[in-house]
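Visitor: Take a look at the letters that make up each chain.
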Amino acid sequence: MQSTDSPSTDSGPDGRSRLRHAIDHAAHYLPAQGPINVFIHHNTLHAFEHLPFDDAVRQGTTKFGCQPYLSEERYRGEVARGRIRFDDLRDVLAEDLGGRAGDSLVGLATRADLRLAMLEHPVWAGSIAELLWYIAEADALTRVRAGVSAAARGRLLTETRRWVMRDLRAGRSRPAWAAALLAKFGVSRIEGWKEAMWEAVALEALWCVCRDSVRGLPPPPPAPPPARHRDLLLAVAAFDPDLGVHEVLIPLCAAFLDQGMSHWPLPERERGLYQAFLTLRRRGGPAAGWLRGLQREAARLQDEEVSPFDCILESLAALGVAEAEWDEYLSGALLPLRGWAGMIHQVEERGDRVPHPVPKGSLVEFVAVRLLLDRLAAAHAARAEVGYNGPLTGLRDELRARLADAVSTPEQRAFPVFQLAQALGWSPVELHALTPGEWALLVGEVEAFSEVERRRVFHLAYERRFTAQVLDGLALHARQKPADRPAFQVVTCIDEREESFRRHLEEAAPACETFGAAGFFGVAMYYRGSGDAHFVPLCPIVIRPTHWVEERALAASSEQNGHRARARRALGATAHQFHVGTRTFALGALLTAGVGVLATVPLVARVLFPRLAARVRRWLGRFVDGNGHTELRLDGFSVEEMTDIAERLLRDVGLTTTFAPLVVVLGHGSHSLNNPHESAYNCGACGGAVGEANARAIAQMLNDPRIRQTLVARGLAIPADTVFVGGVHNTCNETVKFADVQRVPASHQGRFDECRAAIEVALARNAHERARRFDSAPLSLSLDGARQHVAARAEDLAQMRPELGHATNAACVVGRRERTRGLYLDRRAFLVSYDPTRDTADAAVLARILGAVVPVCAGIALEYYFSHVDSAGYGCGTKLPHNITAMLGVMDGPASDLRTGLPWQMVEIHEPLRLLFVIEATEAAVRAVLARDEALAGLFRNGWVRLAILGPEAEEVREYRGGEFVVYQPQAAHLPRADSSLDWYRGWRDHLDFAEIASPTGS
Amino acid sequence: MPEQPLALTLLGMVVVGTPLALVGLLGGTSVLDRRLGERATATAVALVTSLALLATVGVFVLMLGWDTRHVVLNLGEWVHLDGEGPTYHFAVKFVFDRLSVPFVALTLVLCGTIGAFANRYMHRERGYNRFFFLYSLFLAGMLYASLAGTIETLFAGWELVGLSSALLVGFFHERPAPVANGLRVWTVYRVADAALLLAAVVLHHSSGGGDLDQLTGYREVAGVSPLELPSWPFGSCALPAGQALLVGLLLLVAAAGKSALVPFSGWLPRAMEGPTPSSAVFYGALSVHLGAYLLLRVSPVLEASLPLAVVVVVLGLTTALFAALAGSVQTDIKSALSFASLTQVGLIVAEIGLGLRYVALVHLLGHACLRTLQFLRAPTLLQDFQKLENAIGDRLPRPATSWVAALPAAGRVWLYRFALERGYLDAALDRVVVGPFVRVFRWWDGLEQRATASLAGEKSSQEEPPVPVVEVEHAR
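If you read the sequences in order, they're chains P and S.
For the first sequence, position 84 matches number 84 in our numbering, and the numbering has no gaps at all.
So the mapping is simple: our numbering equals the position in the second sequence, first residue as 1, plus 10000.
Just to be clear, a hint being listed does not mean it is correct.
[What the hints assert, rightly or not] The calculated lysine to aspartate or glutamate pairs, modelled on DMTMM-like cross-linking and capped at a C-alpha distance of 25 Å, are: (1) P:K63 to P:E49; (2) P:K481 to P:D983; (3) P:K737 to S:D10384; (4) P:K194 to P:D139; (5) P:K481 to P:D753; (6) P:K194 to P:D167; (7) P:K737 to P:D625; (8) P:K481 to P:E953; (9) P:K360 to P:E647; (10) P:K184 to P:E137; (11) P:K737 to P:E760; (12) P:K184 to P:E195; (13) P:K737 to P:D704; (14) P:K63 to P:E268; (15) S:K10387 to P:E559; (16) S:K10387 to P:D532; (17) P:K481 to P:E754; (18) P:K184 to P:D167; (19) S:K10387 to P:D625; (20) P:K63 to P:E73; (21) S:K10387 to P:E550; (22) S:K10387 to P:E551; (23) P:K481 to P:E647; (24) S:K10387 to P:D740; (25) S:K10387 to P:D352; (26) P:K63 to P:E647; (27) S:K10387 to P:E631; (28) P:K63 to S:E10174; (29) P:K481 to P:E956; (30) P:K360 to P:E268; (31) P:K737 to P:E754; (32) P:K737 to P:E551; (33) P:K737 to S:E10389.
Derived from the structure by calculation, the hints contain no laboratory data.
Go ahead and model the full structure; you've got the sequences and the hints to work with.
Guide: This is the structure we're talking about:
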């Protein structure tokens, strides 16, 4: 490298601390996704959460090059199929413009009319070459565009005809193009022109007027040139130096972060990324042309003990990056491999979550290596691709000078006006009469309603329709509640996937009552099952548990379990040896040649007969699985702590009186095969794990006489005849497994069996309702068929959509179940139980519920939103080429950035909407909560999630808009009714409207 | 010689004809823009693979029953020149024998299973039809290449396999990396194909026909029952040693390209760009073995030329060692598995060189099955490891690489980098082969430009042709 003498200006402690600050700043933009086996949903644009939503998504476009909303075509498609209503579009536009809506624009139309026309009629945008072709070859100048009203078309033709006949032919005030136009069409026979000819004349005149008028306008300011050398090189020389840099960096990052995939770890990994890289590179070995200087440079950096910080400073100085642009330049350098950089950052910050942590400061070292490579690549490209031999510091100036201005041409700016003129019936003569100032105004107005702005308005209308549906449903729905003491009660997670399960359960057993609470049920713990190797945290990611809980085999069966554990260990070790062995030389030969052909048996069986294969595997597994009874050891918790947990759950869900004799608490999880993203289907409140142990633990606590006694002292009397049972709902194959059933007293056995039977019915119906969303499940499936279908999906290696996860999430209702019971919510609402009538005066219960629930639900909804609107950019694209790397994440194919976000198969059917919270509480209570919790208030204020309140007494609904709670007027007079959920959804694949299910208990 | 029973010929026609029908069906409907639905496609694939498999089994049973070891399906000579000198002919001919029948059965079992797998895996994917069309091409190519009785037939199948493989690598053509890697695979295949073509020319030149019988030693002798005739693996090569060496070396280059032997190994991990099932069946199991299969097919040639056999053994062992080394540092499951595959393919090639033909065949079959299963299960690796850890009750041990520790530190780092950079093979090929190649052609191109310009009477200061601009987004 040319810059062996280290630059003097920026080094030293001062430069270093500024640099550290700049890197920390840039790190905010990196994805916050950790190792993929613990998938936590979070807001993809968390870095911009302090901004209003619409500003943030635009920032995302600038920073990441990703889409802010759905495409205009998608929204237009939604208009076409009636999902977006034209009335909503008009209302949203009027609301959005406020007082400016009625302004007249140069006397031709109001601003609202212009914008509505731009929403209604696609506005073309594209390259100049495409436009010129279109004008020359297509029918743009011969036929009025499709979709224009007959009135507008007629006006255009008549006015033009008048103008041509009276003024142009006579040569009065004749524009420059007129003579050529008239000559082209044969002015001598003008009286005989047919209508089609007049149409062409009108359009051509219109186009000429638009083009010539725009030509006189000052050009728009050019976009600032890109900061990165790579972007400039790509724009000027069509050469992408990142390709070569990434070919070196990706294997390096993967080797550095590897948690056990490779058999041979990176040498000197413990010294950090930077030193390991230099060590690897300081010795010879053929290298691609641009890397020739690296060997000497690596040796120098190591021998002179140049720190990563100083190395970065050297690189920045060599590249000619001034300190003022460090922030931008460094984030520009981090983002092209943001998955890898983000993972380095995550592993460095949360070393407790991986078996092989990396040293602190690894991200800085990543930047050092990256810039070193960038520097070499830029220097080489300058010589080889640009023919620039000056100093590297001046490369960007040179490239910027060569950069062709990407300013749009007058034709490109005129064409939208030309198109709109047709739609709005503006004639050429009117437009011709406009002054240059008026033209500037008009063009400015059209350009101000840019594509992104149009999509924003479309999106508002898209959300508005759904909002009306939810609010109408809640406002018009009649409350339903079991009259007497319920036969049994079931507490599930708030997950929107449990909405349908609860609904079907209530339909199957009208005498039951259900509740929703965050699925860790307040029990935050590190847990290790009797067959597990490690403790895993079972609680939301923001909590660090302080208790360790183990599942132990009961004494009676422990000896047999011991044998089985040893057998499992031996089998596991053999299986591991086999797996590793097939990848080696000699053992691999022996195994593949010796027993390889036997692999056809599992291969064919598992692919062609997945359910049978699963049954055989389970049958074989019986011989080694621990089968004896186990118990949870909750010794780590004091009675006081357990009472706190129990009290909190009961008060949160409002279950403080009228306990049923049997209360079932169900956690949830999802098991599937061949699915690196499996954890994303599990319980978010359990940190991407299965909530089985939490449900079991809370049931055990609530059954504990010591705790019940303490609860009495706190004013919570659980009747002596009430029994709690824990369990887990597998949301993929629709099964429920209960824990500690042997502890259910004989007196409750009958009731428990009834409850179980009802749950089985509900599971089958739930499977059936879910199956309607799977294209590969026929709509004619029977209940049993549906259950088999979902069970097969869970066992199928080839299944990319074992279940659809949170794909239907769109709303969250916080309130009493009676407000939603019997309302068909189509699995679209998180249901959080909360009883405003039992809250404290200062709404303390609501505050803690919202504090826990809003960030979790918002994280899920926003991750789905972004992964859907830009699957390749914010999401991780299609699952088909995914390749597990370093045990931490997936790449596309053999070498790509680490892909974060959700795969397309998970979000495919999602409607990207901002989550709508509807809280059953008074305005005063909600305001009090928001006033106390700024993080929460910010999410609502900035529109990341939306808010409405439902009056606890009356059926009044208020929408939160711009800081005010505005009374909502229901749009429908009554809700559609159906006798059962099945009657409502049968035969439909798509999202459904909400309906009243006539329940036997209701009315 | 007694007539070959009609039943055998008919069954053979089924094996050869059904894949072609599938290509015609999937391709034809796509061309006419009347694409089949997912269900119809899946049914067609299942039907064709099971029919062909049944027919293969039928052929096998009949061969056992009639004690025939060599069934020929001759689709006629397409060119036949009788002259004063040697006759020259160009035939399309398929052979069922102890080598091709197991390999065809393997191909059909794996392709059939993968077809069922891919039908669900590719559900609702935009490229569903394209995938299955390429799949059908691949299937046909595999069958024709393995059944080929003449080098022309072999070449046709070989090309179909190459074409469909390269297009499947570039399946996700909206991203730049798959396209670049697909092109790379295609380029390597070109080299291999050129070698195969040269071998065909040499063979025709020396004997007037491209029948593999000349290499494998099967000859029909009037009045001798087929049982007595030497068939694979007992044939002997009819060519003189010198020509055997030349043809053998050319075939070895062809096999090396197709089976990713050193120095062509670089393309194998790069081929993992496509959807998982295509990676699994094509590069993990079938197409990577095609080179080894070719060597098995012509193994009598190796016998005829000791130097050739030595080269084959050395190349196989080198590849196996290299792949084992490179495989030990791979950090993603698909690359790791692809190098694991290559290790075994190298060993299989070495076995062929040593004349252990049945061992090689069994090794090949077993390896293909096992590796396919591993590839298909690759996405479930994290869960599998979790399960193993739970069973063992601890973190999984890192496999011992104790021999590494025995090396001096500098050597260790050198070797690690050698492995991480995959033996610098791609870089070396770029420098030694691609660079000069491109320079030569650019030079010719320049010459041609100048010539046409002067013919057209334009000024000699012709501007350089515009460089095609490829828009490359942030490589992800």
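Visitor: Look at each hint and say if it fits the structure.
Guide: Outcome of the hint check:
1. P:K63 to P:E49: 14 Å, holds
2. P:K481 to P:D983: 22 Å, holds
3. P:K737 to S:D10384: 23 Å, holds
4. P:K194 to P:D139: 17 Å, holds
5. P:K481 to P:D753: Holds - the C-alpha atoms of D753 of chain P and K481 of chain P are around 23 Å apart, at most 25 Å.
6. P:K194 to P:D167: 20 Å, holds
7. P:K737 to P:D625: With a Cα-Cα distance of about 16 Å, the restraint between K737 of chain P and D625 of chain P holds, given a limit of 25 Å.
8. P:K481 to P:E953: Judged against 25 Å, a Cα distance of about 15 Å means the pair holds.
9. P:K360 to P:E647: Judged against 25 Å, a Cα distance of about 41 Å means the pair is violated.
10. P:K184 to P:E137: Distance ~17 Å between K184 of chain P and E137 of chain P Cα, so the pair holds.
11. P:K737 to P:E760: 11 Å, holds
12. P:K184 to P:E195: Roughly 16 Å between the alpha carbons, so the hint for K184 of chain P and E195 of chain P holds.
13. P:K737 to P:D704: 21 Å, holds
14. P:K63 to P:E268: 35 Å, violated
15. S:K10387 to P:E559: Within the cut-off at roughly 22 Å; holds.
16. S:K10387 to P:D532: Status holds; Cα separation ~8 Å.
17. P:K481 to P:E754: OK: K481 of chain P and E754 of chain P at ~20 Å, within 25 Å.
18. P:K184 to P:D167: Within the cut-off at roughly 17 Å; holds.
19. S:K10387 to P:D625: 12 Å, holds
20. P:K63 to P:E73: Given pair K63 of chain P, E73 of chain P holds - Cα atoms ~24 Å apart, limit 25 Å.
21. S:K10387 to P:E550: 18 Å, holds
22. S:K10387 to P:E551: 17 Å, holds
23. P:K481 to P:E647: 23 Å, holds
24. S:K10387 to P:D740: 24 Å, holds
25. S:K10387 to P:D352: 21 Å, holds
26. P:K63 to P:E647: Status violated; Cα separation ~46 Å.
27. S:K10387 to P:E631: Distance of about 21 Å is within 25 Å: holds.
28. P:K63 to S:E10174: Status holds; Cα separation ~22 Å.
29. P:K481 to P:E956: Given that 25 Å is the threshold and the Cα spacing comes to 19 Å, the pair holds.
30. P:K360 to P:E268: Roughly 15 Å between the alpha carbons, so the hint for K360 of chain P and E268 of chain P holds.
31. P:K737 to P:E754: 15 Å, holds
32. P:K737 to P:E551: 16 Å, holds
33. P:K737 to S:E10389: Between K737 of chain P and E10389 of chain S the Cα gap is close to 24 Å, so the pair holds against 25 Å.
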